[in-house]
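Each chain is listed here by its residues.
2 protein chains.
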Amino acid sequence: MSINTKEFYSVLASKMEASAIREILKLVQNPEVISLAGGMPDPKTFPVEDIRKITQKVLSKKSAQALQYSSTEGLPELRKCILENLAKDGNDGELENIIISSGSQQGLDLVGKVFLSPGDIAIVELPSYLAALNAFYSYGGELVGIPMDEDGMRMDILEEELIRLKNEGKKVKFIYTISNFQNPAGATMSLARRKKIIEIAHKFNVFIIEDNPYEKLRFEGEPIPSIYSLEENGSVISLGTFSKILCPGLRLAWILGNEEIIGKIAILKQATDLCTSVLNQLIASDYCKLGKLEENIESNVQIYKRKRDVMLNALEKYFPKEVSWTKPQGGFFVVATLPEYIDTKEMLKEAIEENVAYVPGGPFFADRKGQNTMRLSFCFPSEEDIEEGVKRIGNLIKKKIRN
Amino acid sequence: MSINTKEFYSVLASKMEASAIREILKLVQNPEVISLAGGMPDPKTFPVEDIRKITQKVLSKKSAQALQYSSTEGLPELRKCILENLAKDGNDGELENIIISSGSQQGLDLVGKVFLSPGDIAIVELPSYLAALNAFYSYGGELVGIPMDEDGMRMDILEEELIRLKNEGKKVKFIYTISNFQNPAGATMSLARRKKIIEIAHKFNVFIIEDNPYEKLRFEGEPIPSIYSLEENGSVISLGTFSKILCPGLRLAWILGNEEIIGKIAILKQATDLCTSVLNQLIASDYCKLGKLEENIESNVQIYKRKRDVMLNALEKYFPKEVSWTKPQGGFFVVATLPEYIDTKEMLKEAIEENVAYVPGGPFFADRKGQNTMRLSFCFPSEEDIEEGVKRIGNLIKKKIRN
Numbered sequence: 017m018s019i020n021t022k023e024f025y026s027v028l029a030s031k032m033e034a035s036a037i038r039e040i041l042k043l044v045q046n047p048e049v050i051s052l053a054g055g056m057p058d059p060k061t062f063p064v065e066d067i068r069k070i071t072q073k074v075l076s077k078k079s080a081q082a083l084q085y086s087s088t089e090g091l092p093e094l095r096k097c098i099l100e101n102l103a104k105d106g107n108d109g110e111l112e113n114i115i116i117s118s119g120s121q122q123g124l125d126l127v128g129k130v131f132l133s134p135g136d137i138a139i140v141e142l143p144s145y146l147a148a149l150n151a152f153y154s155y156g157g158e159l160v161g162i163p164m165d166e167d168g169m170r171m172d173i174l175e176e177e178l179i180r181l182k183n184e185g186k187k188v189k190f191i192y193t194i195s196n197f198q199n200p201a202g203a204t205m206s207l208a209r210r211k212k213i214i215e216i217a218h219k220f221n222v223f224i225i226e227d228n229p230y231e232k233l234r235f236e237g238e239p240i241p242s243i244y245s246l247e248e249n250g251s252v253i254s255l256g257t258f259s260k261i262l263c264p265g266l267r268l269a270w271i272l273g274n275e276e277i278i279g280k281i282a283i284l285k286q287a288t289d290l291c292t293s294v295l296n297q298l299i300a301s302d303y304c305k306l307g308k309l310e311e312n313i314e315s316n317v318q319i320y321k322r323k324r325d326v327m328l329n330a331l332e333k334y335f336p337k338e339v340s341w342t343k344p345q346g347g348f349f350v351v352a353t354l355p356e357y358i359d360t361k362e363m364l365k366e367a368i369e370e371n372v373a374y375v376p377g378g379p380f381f382a383d384r385k386g387q388n389t390m391r392l393s394f395c396f397p398s399e400e401d402i403e404e405g406v407k408r409i410g411n412l413i414k415k416k417i418r419n
Numbered sequence: 017m018s019i020n021t022k023e024f025y026s027v028l029a030s031k032m033e034a035s036a037i038r039e040i041l042k043l044v045q046n047p048e049v050i051s052l053a054g055g056m057p058d059p060k061t062f063p064v065e066d067i068r069k070i071t072q073k074v075l076s077k078k079s080a081q082a083l084q085y086s087s088t089e090g091l092p093e094l095r096k097c098i099l100e101n102l103a104k105d106g107n108d109g110e111l112e113n114i115i116i117s118s119g120s121q122q123g124l125d126l127v128g129k130v131f132l133s134p135g136d137i138a139i140v141e142l143p144s145y146l147a148a149l150n151a152f153y154s155y156g157g158e159l160v161g162i163p164m165d166e167d168g169m170r171m172d173i174l175e176e177e178l179i180r181l182k183n184e185g186k187k188v189k190f191i192y193t194i195s196n197f198q199n200p201a202g203a204t205m206s207l208a209r210r211k212k213i214i215e216i217a218h219k220f221n222v223f224i225i226e227d228n229p230y231e232k233l234r235f236e237g238e239p240i241p242s243i244y245s246l247e248e249n250g251s252v253i254s255l256g257t258f259s260k261i262l263c264p265g266l267r268l269a270w271i272l273g274n275e276e277i278i279g280k281i282a283i284l285k286q287a288t289d290l291c292t293s294v295l296n297q298l299i300a301s302d303y304c305k306l307g308k309l310e311e312n313i314e315s316n317v318q319i320y321k322r323k324r325d326v327m328l329n330a331l332e333k334y335f336p337k338e339v340s341w342t343k344p345q346g347g348f349f350v351v352a353t354l355p356e357y358i359d360t361k362e363m364l365k366e367a368i369e370e371n372v373a374y375v376p377g378g379p380f381f382a383d384r385k386g387q388n389t390m391r392l393s394f395c396f397p398s399e400e401d402i403e404e405g406v407k408r409i410g411n412l413i414k415k416k417i418r419n
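If you read the sequences in order, they're chains A and B. Sequential numbering of the first sequence, starting at 17, is according to our numbering. Sequential numbering of the second sequence, starting at 17, is according to our numbering.
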């Protein structure tokens, strides 16, 4: 006897499929392949020596605590450190407003779980972060996409869509935005639009989920106050993470917001993983106390800025004039838009034959468009590899351009 | 304007409430209070020095890997170590059969997510692990409880219930059992019943979820083959964890089973937390390679056996004859059953005034009974505290006994 596993899956699990692109990229184990696909930070940015010393100290002096269970909400000392850092930019909160999550992805999962019943609407940017879309899909959320321009989500279209959804009797739970150096588009929402999105959220009585992993990785221009800091009614939930400013391997992030929502999220997290690794929380907490976080971020910004410049220069040099791309002021990513007749998912196989990889843009689009776009990451590869990788992709595109 | 957060919660989130008992126990910060409530391992059992040395080495030699993102399934080297250890007890599997989870609680959450749609049935023991019940509730699962005796779940009643549920047209997805030194009841399922539960699962076409955190903590008697090792059709999913044999602070556990189910769980985990901490996985993997795991477990067994003995002796000495309790051959817990007119949840407040805490048994019972039971943990408190704690609870109970 063998089992038909499919008949056992929950309705929502049945709908979750392995990403075909992920499966292709998984096969890229060949070290000859230059990958502009992944969103991994450059390991050169990890303050390894400090982390090593801190970890040593934690395991010498606080081992009984570090290796034990702890509270679901996260260590108060870590939450306080984060709150102090956030307050410097006007993001205020008390202990009750913040919960530690096991990476921002768990934050997105818990946001999906606390807000979305099957059929509920989540508004997202076009394009938006693939794994956020998946987290929302996994609770049966229906995603409505709003186009962006260089100033972020288009507020005129957002309002039109909210009116349409209201007239159709649909329940919109939240608007999800990556306000700074968006993944994948690279755009940053302007101050005017941040004020506008708050006005719209209040008018239509919806939450805003502000996902903000890249805020500190600004290469130029003035920082813009977060949507969270600009709003006063408790209808913004802000997600932040150590993955891009310290390292992802600790799996540490936070959710900041309305005390009641955070309390409910704590109840859900309790059933999800009991608590986040205490050892890792103590490492991050002691690292924050060391007072080197800002300094480390500053030097990382220089590394990523140079890489961004190398990529933008290479794009100018090697991509044909029929292709356009975003010019991010920070973060990890560029999105290139090819002529509509080029399907970047199809082209990926050829790219891998040419020893280069990127992420086809389609899956980032909740409206299933964007088949002619690609995400190019400048975070992980070396400057030489960025140049060579863009060159290889450029050559491939040139062969496909119709005259 | 203020927000009515309740109208934003998903249907399932609305139903998840903070445990009143947890809230009471949270207040117990007074170091005078002897807690027999929590299920935390004794920190004396953590191999701190080995973990410290290994961590140092990992952060010296593999920092770029340790602090980076990694695969959702978990590090192959850790999965191989676990598989080798499991194979010693006849629990066979290949890499495709195992996925690392962020603690067993995440395993339970993912089991809930992969199997349960609202209204689907999960069969559980009466009583059963509270946080497993919560994980299943959080996906809308309906729980049907089967009574236990000293040989574990009652197979005659299980079969009756499955017939009843089938006749009612209900979809049963799985039977959840903690086969060794059950939490909270302490009972171990006999070999005959392990064979029988497999026969029943095959007959009614349901999965078995075998949660096995305490298997290695056996104080006496012969080990019994796991249900997983006895079954051959791939309809047993087995959960194991490092929390009770190494330490909980790393948040490392695993799910072993049917390749298709594990593959689907990987897709879900991807949207849940991307990956489990690589640093922690490398620590556990290198600890396994050190070859000291079995030795460490053996010395831990001696620690817990002594504590169990102290608790059983104290129960004999201080609890009135109207109370009965389980005599576990391993694990962390004893369940005491008081006369039906004593509500242990009510009594908890008085206990805390007497500087002692336990967990009222009610919430462990999916049928909402067991109000007259309590879970007593001998894992964390010192031997002196166990004796004194049992004495205080015994005195309290004696005052409530009706003559």
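If you're looking for bench data, these hints aren't it; they were derived computationally from the structure. Check each hint, because a few of them may be wrong.
It does not matter which identical chain is used: a pair holds within one copy or between any two.
DSS-like cross-link-like pairs, simulated, lysine-lysine; straight-line CA separation at most 30 Å [stated by the list, open to error]:
| # | residue 1 | residue 2 |
| --- | --- | --- |
| 1 | 42 | 187 |
| 2 | 219 | 416 |
| 3 | 308 | 211 |
| 4 | 78 | 42 |
| 5 | 361 | 187 |
| 6 | 42 | 60 |
| 7 | 42 | 305 |
| 8 | 343 | 31 |
| 9 | 321 | 337 |
| 10 | 182 | 31 |
| 11 | 78 | 219 |
| 12 | 22 | 182 |
| 13 | 42 | 77 |
| 14 | 211 | 415 |
| 15 | 211 | 182 |
| 16 | 415 | 337 |
| 17 | 22 | 333 |
| 18 | 73 | 305 |
| 19 | 186 | 337 |
Hint-by-hint comparison with the structure:
1. 42 <-> 187: neither (38 Å within a copy, 36 Å between copies)
2. 219 <-> 416: Answer is neither; intra-copy 47 Å and inter-copy 58 Å both fail.
3. 308 <-> 211: Neither: 33 Å inside a copy, 59 Å across copies.
4. 78 <-> 42: between (39 Å within a copy, 21 Å between copies)
5. 361 <-> 187: neither (33 Å within a copy, 39 Å between copies)
6. 42 <-> 60: within (23 Å within a copy, 42 Å between copies)
7. 42 <-> 305: Between copies only: 27 Å across, 38 Å inside.
8. 343 <-> 31: neither (35 Å within a copy, 46 Å between copies)
9. 321 <-> 337: within (24 Å within a copy, 75 Å between copies)
10. 182 <-> 31: both (27 Å within a copy, 26 Å between copies)
11. 78 <-> 219: neither (49 Å within a copy, 51 Å between copies)
12. 22 <-> 182: between (36 Å within a copy, 19 Å between copies)
13. 42 <-> 77: between (40 Å within a copy, 25 Å between copies)
14. 211 <-> 415: Neither, since 45 Å and 64 Å both go past 30 Å.
15. 211 <-> 182: within (22 Å within a copy, 56 Å between copies)
16. 415 <-> 337: Result: close within a single copy only, 13 Å intra versus 88 Å inter.
17. 22 <-> 333: Intra 50 Å, inter 54 Å, cutoff 30 Å: neither.
18. 73 <-> 305: both (13 Å within a copy, 24 Å between copies)
19. 186 <-> 337: So residue 186 and residue 337 fail the 30 Å test inside a copy (42 Å) and across (61 Å) alike.
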